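Residue-level listing of the chains:
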Amino acid sequence: MSRHFHFFTFASPPRFYALSGFLIPWLYFVAVLTGLIGLYFGFFVAPTDATQGDAYRIIFIHVPTAWMSMVLYLVMAGWAAVGWAFNARLASMVARALAPTGALFTVLALWTGALWGKPTWGAWWVWDARLTSELILLFLYLGYIALVESIDDTRRADHAGALLALVGAVNVPVIYFSVRWWNTLHQGASISMTAAPKMASTMLTSMLLMTVACWAYAFAIVFVRTRAIVLERERDADWVLALGRSRSGVNV
Amino acid sequence: MKFNGFLALAARDLRLAWRRPVDIWLPVVFFGVAASLFPFGVGPEPQTLRQIGAGVVWVCALLSTMLAIATLYASDYSDGSLEQMLLSGHSMVVLAAAKALVHWMLTGLPLVLAGPLLGLLFDMSSNGIATLTYTLLLGTPVLSLMGSVGAALTLGLRSGGALLLLIVLPLCIPVLIFGAGAVSAIDVAISPAGHLSILGALLLLALVGAPPAAAAALRISVA
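So the protein lines, in turn, are chains A and B. Going by the numbering used here, the first sequence opens with residue 185, and the numbers climb by one from there. Going by the numbering used here, the second sequence opens with residue 7, and the numbers climb by one from there.
Hint data in this document are derived by calculation from the structure and do not stem from the laboratory. All of these numbers come straight from a predicted model, not from anything done at the bench. Yeah, the Cβ is synthetic: ideal placement off N, Cα and C, and Gly gets one too. You may find that some hints are simply not true.
[Unchecked claim] A few chain B residues facing chain A, derived, Cβ under 7 Å:
no., residue
1, 92
2, 96
3, 163
4, 172
5, 173
6, 226
Same shape as in the complex, but just chain A (with noise of 0.2 Å):
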């Protein structure tokens, strides 16, 4: 067995299922961890805001799943993309595994913006840009998983997601540059690229930290569901009968 890796080594699905057995406690290890420590600065460390009181501290969920569900969405597009081009099963099967994960973040920003908005705002729900557009990204989640869950031939639905996918895709940068393009009453971006953030130093390690949380959360959770997804799909091959004859089971 070759020990060398190259570009498409984890395209095999054995190898795949290997790598991410070994991986997945170590996310969760990360996720949990920083999750902690985050929540603890987020809600014990970090000062009261002048404006919003303690409210704000809503923030340390809500951003990093507003901006998971946006990641994931472009991610999972991408894989699909990959999978349709170069006809690569187990990309279509990690684009397949990233659209509830992705679904979910969403709706917890949606409902995280929600609990945010209403002691500050006065309203559960306004229509403007921003809220519109997540919105719509969570339809367009839904839309993707409704039509490759509809369609029995896998290779068709997997290509047909990924155009899906990429149409939608769209509608990401919408999301992203709402707060600029219209008169929102969300408010604009406080951390950009090229200036410095206009938050205290101890919020924004927090999110930070909230952010690693949620992505060693969602790599982690996307590939417990992509194993699934690869031992269903590869049945009959011969190394997933192996591994159900062995005595040790299968490892999640």
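Given chain A's structure and the hints, the job is docking chain B onto it.
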């Protein structure tokens, strides 16, 4: 050569549709009936109806376009002629464009013509009705084009109609926002030029992007 193919396909579809008048009348009748339901729901107060009129007309236009689009490729697919067209080596982009054009002529154009009548039912101002007609003229082709991509993706599936709505409607929401928004702008004495420009941009984007996407989707669905 490609233009001849385009004309031939469009003429074929028009001829086929002409033999089934119900397919032409159904969307526009649905449009009228659905829009007329709203005064029963929200009450006949003219002030309220004037405010919601543009939005109601646009939502009903969206739904009636989607009603008709589900069967865009269905009859050709079921008798095998779509597969023959794919195998023929001719451009599928031309086919997708021709089908979308015919769909718009048979569904969208009647909506554009029926729009002013509904505007009168909702007691809209004449400027409002004119703007509404422009927005329908610019927006309904976009709906037909985006719908054709969705129809190609969901070709032959059991869950067809509802699935098509679910995947196409989120993509058509910008058209709805700017179409209804243009008429709202008129009501507050702002020029609708910005909204109409964006609708025009969406139309150009759809004209360039949708036929190749639909062609790719047809290859995925049929092959």
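> Which of the stated hints cannot be reconciled with the structure, identified by number in ascending sequence?
Replying inline: Hints 1, 2 are the ones this structure does not satisfy, whereas the remaining hints hold.
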